[in-house]
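Q: Numbering (our numbering), first residue to last: 1 to 344.
One or more hints might be untrue.
[To be verified] Derived DSBU-like pairs (lysine-lysine); straight-line CA-CA distance at most 30 angstroms: (1) Lys19 to Lys40; (2) Lys8 to Lys21; (3) Lys245 to Lys264; (4) Lys37 to Lys8; (5) Lys10 to Lys40; (6) Lys21 to Lys316; (7) Lys40 to Lys180; (8) Lys21 to Lys37.
Since the hints were made in silico from the structure, they are not lab data.
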Amino acid sequence: MCYSVSMKMKLDRKAAIKKVKALVFSPKSELAPFRAKLEKTFSSVFLPNHVECVDHNYGGVHCDVLHPVVYSSHRIIIYVHGGSFVGGSRNSWRNFCSSLAHETSCRVVVPEFRLPPSYPFPAGIEDLQAVFRMVYSEEAVAMQLEHSSSGLPSAVREDVQIILAADGSGASLAIALLLKLRDKYRQCVKHLILFSPWLDVTSDNPLISGRHVSDEVISGDALHRAVDMYTYSSNIDNPHVSPLKADVESFKGFPHVYIQMGQKEILLRDAERFRDILQKAGVEVTMDIWPDMMFMFQMADEYLAESHLALEKIGKTICERAEDRDTQEEREDIMRKNNIVRDE
Numbered sequence: 001m002c003y004s005v006s007m008k009m010k011l012d013r014k015a016a017i018k019k020v021k022a023l024v025f026s027p028k029s030e031l032a033p034f035r036a037k038l039e040k041t042f043s044s045v046f047l048p049n050h051v052e053c054v055d056h057n058y059g060g061v062h063c064d065v066l067h068p069v070v071y072s073s074h075r076i077i078i079y080v081h082g083g084s085f086v087g088g089s090r091n092s093w094r095n096f097c098s099s100l101a102h103e104t105s106c107r108v109v110v111p112e113f114r115l116p117p118s119y120p121f122p123a124g125i126e127d128l129q130a131v132f133r134m135v136y137s138e139e140a141v142a143m144q145l146e147h148s149s150s151g152l153p154s155a156v157r158e159d160v161q162i163i164l165a166a167d168g169s170g171a172s173l174a175i176a177l178l179l180k181l182r183d184k185y186r187q188c189v190k191h192l193i194l195f196s197p198w199l200d201v202t203s204d205n206p207l208i209s210g211r212h213v214s215d216e217v218i219s220g221d222a223l224h225r226a227v228d229m230y231t232y233s234s235n236i237d238n239p240h241v242s243p244l245k246a247d248v249e250s251f252k253g254f255p256h257v258y259i260q261m262g263q264k265e266i267l268l269r270d271a272e273r274f275r276d277i278l279q280k281a282g283v284e285v286t287m288d289i290w291p292d293m294m295f296m297f298q299m300a301d302e303y304l305a306e307s308h309l310a311l312e313k314i315g316k317t318i319c320e321r322a323e324d325r326d327t328q329e330e331r332e333d334i335m336r337k338n339n340i341v342r343d344e
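Generate the whole structure from the sequences, applying the supplied hints.
A: What follows is the structure, encoded as structure tokens:
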């Protein structure tokens, strides 16, 4: 019996690795077959946990808006999908983002941003900027209406709570978006959640220069090929392409950053470097490393129990922090209504 359980775990792990490899644009891949395989592997007709999907246009960009059965009207996630810069869509990430919506009790917006090589850098970032501004505006209006109906004083900027989340190559775009945001927008971003982030695609990164460095899923060759299609070679040092090239000052004012990845990833070293830079900038960072796990193990939920547990852990963190904030705001509202002055 012990042998059969062990064998099943090995087979499930092998199947999980095979599945998440579809996320990586390998050196041997052609673009059209890569995109088709990714869509076929991750697309699903039925969404988990009774999550509802609505099509919405934010700033000219078509997006999924995923509504879990129970969600906070004060929080919303904007999710930037990976896919080696050149692949992926809201359709192929719909199942995964539905699980994220359920676990975090948040609506999740998944933009259909433009992809290279037809639309190279910075087209995708520009689409995300348009989406972010419109999400902010619509959430702000909703908050104003809520305050008006409740009789509470308006505090829109503090009340709009946006969470940015991304995986793989999408992390580069999400961080670039955050670096570009003006203060009034950046202040409403409460968390940046990164799954197995790509943070440095420059030639002086050992992962790229070594080229043949690899783990069970991803390789330096794959990173090199993907970035070649994303932007021109002289631009890869741009912090909006390789966030690790940004200076410490650029990250001051960043929200809490939550990085979740597998212990076996070759990307882990870059993530640890990123953590160190963020901490020097005074940013709170949570590193959530899962033993014996591979790149984007969270998207192999039919094979790995860790996939479910990892999202549950993120959901618990987001909800607990939100409850603490909501409790504090409720206390301050009561004090304000009753003219109670806080002791200094």
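Q: None of the hints should be skipped; say for each whether it holds.
A: The hints, checked one at a time:
1. Using a Cα cut-off of 30 angstroms, the hinted pair Lys19 and Lys40 holds, with the two alpha carbons roughly 11 angstroms apart.
2. A hinted pair counts as satisfied when its Cα atoms are at most 30 angstroms apart, and Lys8 with Lys21 qualifies at roughly 20 angstroms.
3. With a C-alpha separation of about 24 angstroms, the suggested pair Lys245 and Lys264 falls inside the 30 angstroms cut-off, and the hint holds.
4. Distance check on the hinted pair: Lys37 and Lys8 sit about 25 angstroms apart at the alpha-carbon level, within 30 angstroms; holds.
5. At most 30 angstroms may separate the alpha-carbon atoms for a hinted pair to count; Lys10 and Lys40 meet this at roughly 24 angstroms.
6. A threshold of 30 angstroms between alpha carbons decides the hint, and for Lys21 with Lys316 the separation of about 28 angstroms falls inside it, so the pair holds.
7. Our distance criterion of 30 angstroms between C-alpha atoms is broken by Lys40 and Lys180, whose separation comes to about 34 angstroms.
8. Among the hinted pairs, Lys21 with Lys37 is consistent with the structure: their alpha-carbon atoms are about 10 angstroms apart, no more than 30 angstroms.
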